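Peer 1: Given next are the chains, with one letter for each unit.
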Amino acid sequence: NAGVTQTPKFQVLKTGQSMTLQCAQDMNHNSMYWYRQDPGMGLRLIYYSASEGTTDKGEVPNGYNVSRLNKREFSLRLESAAPSQTSVYFCASSAGTINNEQFFGPGTRLTVL
Amino acid sequence: QKEVEQNSGPLSVPEGAIASLNCTYSDRVSQSFFWYRQYSGKSPELIMSIYSNGDKEDGRFTAQLNKASQYVSLLIRDSQPSDSATYLCAVNRDNYGQNFVFGPGTRLSVLP
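Protein chains in written order, with the working numbering: chain A, 1 to 113; chain B, 1001 to 1112.
No lab work stands behind these hints: they were computed from the structure. Some hints could be false.
To be verified - Residues on chain B that point at chain A, a partial pick, calculated with CB under 8 Å: (1) Ser1032; (2) Ser1043; (3) Leu1046; (4) Gly1103.
Unchecked claim - Below, a list of computed lysine-lysine pairs in the DSSO-like style, where the Cα atoms sit at most 30 Å apart: (5) Lys1056(B) x Lys9(A); (6) Lys14(A) x Lys1056(B); (7) Lys1056(B) x Lys57(A); (8) Lys14(A) x Lys1067(B); (9) Lys1056(B) x Lys1042(B); (10) Lys1067(B) x Lys1056(B); (11) Lys57(A) x Lys71(A); (12) Lys1042(B) x Lys71(A).
Because the structure is a prediction, the values reported are computed rather than measured. Cβ coordinates follow ideal geometry from the N, Cα and C atoms, glycine included.
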């Protein structure tokens, strides 16, 4: 039982390049989330998926797209990376019920040059 | 006013002491409350959740909630150097968790 997994762990991009961050969970959770964490800014929600087939914007969605591929997988895509997107990205999942504890993956550290 | 506020710290306590971490929130309709621990370079790890006014104990950790005062705290008894980390308070503004808001975190240092 791996919980929430993310790939890659580290990535360096040049401005304008694209990439997709992958996330998968094996806890049969309905809801999944993408956060970014920056020094002094805390964790900020980028996008979330309340259930398979639905996605919604969070606090900071600009420059990102997401796909809920199936119940297990939720990917985050940067179409044209910018230095402002240098951050640590965390995926999380929750049951999506009234007891909505979120569980986090190990994170992806992204640097955009 | 920020939605979830915490003292940034660092909060330093000697080994064996009680560490007290505080969190205030602005949205009165918030339903559930969580404490996460985050070691440097690692992901947040859920420690405690609390949903009702009062205290909830789990081992050396006690979470306290006062909805009237919009205040939630975490007490760590018999603090150990391994407790040194950043502690994040999170508030869920509805029952179904799409409105999770994290505080900026309090850095705790337990001195041997």
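Peer 1: A separate judgement is required for each hint: does it hold in the structure or not?
Peer 2: Here is how each hint holds up against the structure:
1. Ser1032: 7 Å, holds
2. Ser1043: 4 Å, holds
3. Leu1046: 6 Å, holds
4. Gly1103: Status holds, d = 7 Å.
5. Lys1056(B) x Lys9(A): Not satisfied, since the Cα-Cα distance of roughly 35 Å exceeds 30 Å.
6. Lys14(A) x Lys1056(B): It is violated: about 48 Å lies between the C-alpha atoms, which goes past 30 Å.
7. Lys1056(B) x Lys57(A): 33 Å, violated
8. Lys14(A) x Lys1067(B): Violated, at about 47 Å.
9. Lys1056(B) x Lys1042(B): 26 Å, holds
10. Lys1067(B) x Lys1056(B): Since the Cα atoms of Lys1067(B) and Lys1056(B) sit roughly 14 Å apart, the hinted pair holds (cutoff 30 Å).
11. Lys57(A) x Lys71(A): Holds. Lys57(A) to Lys71(A) sits at ~18 Å (cutoff 30 Å).
12. Lys1042(B) x Lys71(A): 25 Å, holds
Hint violations for this structure: numbers 5, 6, 7, 8, all remaining hints satisfied.
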